[in-house]
Amino acid sequence: MILDSHHRSRPPLFTAQRGRVERVRKSLEQGVQLCFVSSRPRYRSHVELYQAEWCPHSHKVRQRLTELGLEYTVRQVAADPDERTEMKRRVGTDEIPVLVTDTGEPIPGERFILEYLDGFEERTDAAEHRDKSRAEVPEFAA
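So in our numbering, spot 18 of the sequence shown is number 26, and the numbers just go up one at a time.
I should point out that these hints are in silico values taken from the structure, not numbers from a laboratory. Warning: the hint list may mix true and false statements.
[Said to hold, decoys possible] Calculated pairs, DSBU-like style, for lysine-lysine (alpha carbon to alpha carbon, straight line, at most 35 Å):
1. LYS68 / LYS140
2. LYS96 / LYS140
3. LYS68 / LYS96
Hey, can you work out the whole structure from these sequences and the hints?
Printed below as a string of structure tokens:
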């Protein structure tokens, strides 16, 4: 078992997460296609985010997805981890956030998700999104 950013133990399934992130990043580098939406290039990648609005870790991931211009589907989860049985069945954990890539690979935890997202280029207005978010929600500025 290892400890995640919430200081809870993580199942052995995710101990090799760094290797998975690298494999997913490499496959994206080899196969990502670009499409153009209103003259701005974006990756044609659609991901799912298991998250909660009240969770600061989920907020940081949502903010980064917006900065990158990636399309994503939000999967709201119950506040009580004991009520997340369907999520655990689908992605192997009841902890949030979890990003499911377009290849179906679940990436748990803010740190690993943000590392994975580092493989994408930012939108041209990403700095503006960051500034606005920090002004509106100062406790998430870090």
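Structure-based check of each hint:
Restraint check for LYS68 and LYS140: the C-alpha separation of about 13 Å stays at or below 35 Å, so the hint holds. For the hint linking LYS96 to LYS140, the alpha-carbon distance of about 34 Å falls within 35 Å, and the restraint holds. Taking the CA atoms of LYS68 and LYS96, the gap is about 22 Å. The hint holds against a cut of 35 Å.
Violated hints are absent here; each numbered hint is respected by the structure.
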